[in-house]
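Dock chain B against the given chain A, drawing on the hints supplied.
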Amino acid sequence: MTIPSAATLTEIDEPLDRLGASLRALTEAQRKELALLNLMEDLAESNSRLESANQHLLLQANQYRSLIATTLDGYLRFDGSGRVRDSNDTYSRMSGYERQELLALSMSAIDATFPADSMIDRLGQLAAAGAARYEATYRRKDGSTFEAEVSVSYSAATDEFILFARDISPRQQAEQEIRQLNATLEQRVLERTDQLRESQERVELALHVARAFTFDWTVATDVVHRSRHCADILGIVGDATTDTGRAFFQRVHPDDRERFIGVVTRMTPAQPHYTLQYRVVRPDGQIVVLQEGASGTFDANRQLLRVTGLSADVTGRVNAEESVVKLNQVLHRRMTELQSANHELESFAYSISHDLRAPLRSIDGFSKILLRDCAALLDPKHQDELQRIRQSSQRMGDLIDNLLELSRTTRADLRRAQVDLSDIARALLDDLQRSDPTRKVTTAIQPGLIVAADPVLLRAALGNLLTNAWKFTARRPDAKIDVGMESRDGEPIYYVRDNGVGFDLAYAGQLFGPFQRLHAAKDFPGTGIGLATVQRIVHRHGGRIWADAAVNVGATFYFTIGAGGDAP
Amino acid sequence: MNSKIILLVEDNTDDAMLTLDAVEHSRVPAHVVVAENGAAALDYLYCSGPYAERDPRHDPVLVLLDLKLPKLDGHEVLRRIRSHPRTRLLPVVILTTSKEPLDVSACYEAGANSYIRKPVDYDQFLDAVRTIGAYWLGLNKTPGQLPGH
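Note that the protein sequences, when read in sequence, are chains A and B.
The opening residue of the first sequence carries number 41 in our numbering; numbering runs sequentially from there.
The opening residue of the second sequence carries number 5 in our numbering; numbering runs sequentially from there.
Careful: at least some of the hints might be erroneous.
[To be verified] Here are the in silico distance ranges between beta carbons for each label pair: (1) G488(A) <-> L143(B): 24 to 34 Å; (2) G488(A) <-> K145(B): 38 to 48 Å; (3) H62(B) <-> E425(A): 41 to 51 Å; (4) D470(A) <-> P74(B): 40 to 50 Å; (5) Y139(B) <-> D413(A): 19 to 29 Å; (6) L417(A) <-> H62(B): 51 to 61 Å.
Simulated from the structure, these hints should not be mistaken for lab results.
Glycine included, every Cβ here is placed at the ideal spot set by N, Cα and C.
For reference, chain A alone in the conformation it holds in the complex (with noise of 0.2 Å):
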């Protein structure tokens, strides 16, 4: 149909005026006519649509069932009173349910979330609400649960609620097992967090008392870290831990400088460590020896990136190697000294024993020559002047004899051994009852005292110190020597003990000197060289000796055997 325009309205109003009356009644019949016609393919065309509409619906139903059957998720349809109207077979293996036993059943004794007869309430508001998820605990068909993620929609137009349910106790067993992983991962790492920290103190600690400490110098930022113990051993007042590469090759003693600088710059990847004693002087002028130890990380370019290492202020240790170094040299020179006067001692004694006593042997030979074949010629007064010459001349060789043994006590050799002592003084006193057989005396010889002592040197000892005691016994018709040991503080002290004339113990500090006598030659005689000798054997065992007595009652002489080698 075409509208005509405005200008040829006007032009065209009559005619058309007129046409427009005779169509006018026209048009009211055929108008429904047309209306009629019109309509016809309306209809005809909306039934089309719907017939593809009702199309398009069935697959979609189709769709969805075949979602529903298909989802990994439970599915169940219930109306607004709890009963179950659908399911499908996930939900059925879910729960352990036939599909026609869920249709017998209400939620109400599906969800174990709630009291059974609070269902009503709760699904009033889930359709109050429209949809929700949340999780709920589900019955199954033997009565054991699982725990469900639920998502629910209610539609009000068919009063129904549609659900589907995901069981996630799986998960949630898994989200526990992470839980409690979580946890003891979290202790774990604590504990192990504790543990560090104990062993980072103790290496602080190990490092303090090793008089240590370690470092790490980075070469690019020329960064020098240390630990906390370096601040006494370097003497740095304040913040010790961090400096320059540069600032410590200041600290380094100037002589050792070059060292230093070689060690470092000859280190390479094949050979990455290094060992090296240096001085450090402290701020307060004090030297420090190090002992440092090494290790360079280098780059693909075996360029140096790093040093780190451990040093130690070994200054003590060397003063001490020094002082013993000088010492030893002072010990060297003394024993050289010793071992020629030794050498010199020794002449001298070979020639005593030679040159002194022959004169000797002279004077008291041709006495006796003189005395036998000229006896008629001397008067009896000058017969006895040959004879004292003869007994001072004998007297003399037993005091050159007894100073050689003296001598020879300090020169020879101390090799110890395990000595029977009681053996020792039992064969000592048997020689002294022979050479003396009137005498009668009482010994007692304590059995089995086992010393470690030189065999020759302690007989020379326990002979001197038995000889004075069958000596000094010589008055009395009773007369008694012991030799026993008694222990104190532990330590074993021998003794040999007479009754025999004994003597002041105020005069006992002249006992072991050589040529002391405390008893007239004529009452007792002897040399008084012997207690000299017993003293340098023991002192040369390292023991003690001393002496206890009183006159006309008896003298004690206690003595130890030291475990030490040579007294000095």
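Using the frame of chain A, we list chain B on its own:
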């Protein structure tokens, strides 16, 4: 002169005189020849030097050897006596003043037959000489004296 010969090696005249006196007075049946030093002793033993004319069939039966001697000392004399086939088995008694243990052991090591220390007391010396004579010239048998030789 058929008596046995004792060679006394002694540089000290006094000691030599005393030993001679002791040998005489202890009635040791021997004649004592004194050599004043080690070299003279060896000359005597091997009939050389001043003793080139000595009758080698009349060798000493015993040597009394002092240790401290000028030139060749007693230890060296002993060593030579023992290393020479002619005197290898000759009895040598060390008669000396020293009783240094080192001397004693060194002499026995070198093959001395006996070691006597001269005592200061002349009476004891007489006893010693008497014993030496009785033992080495009387009691003791040497290979040359054994039957069959």
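Comparing the hints with the structure gives:
Taken as a hint, the range 24 to 34 Å is violated for the pair G488(A) and L143(B), whose Cβ atoms sit roughly 43 Å apart. Taken as a hint, the range 38 to 48 Å holds for the pair G488(A) and K145(B), whose Cβ atoms sit roughly 47 Å apart. For H62(B) paired with E425(A), a C-beta distance near 45 Å keeps the hint of 41 to 51 Å intact. Between D470(A) and P74(B) the C-beta distance comes to about 44 Å, which sits within the given range of 40 to 50 Å.
The hint said 19 to 29 Å for the Cβ distance between Y139(B) and D413(A), and at roughly 27 Å that hint holds. Against the hinted window of 51 to 61 Å, the Cβ-Cβ separation of L417(A) and H62(B) comes to about 39 Å, which falls outside the hint.
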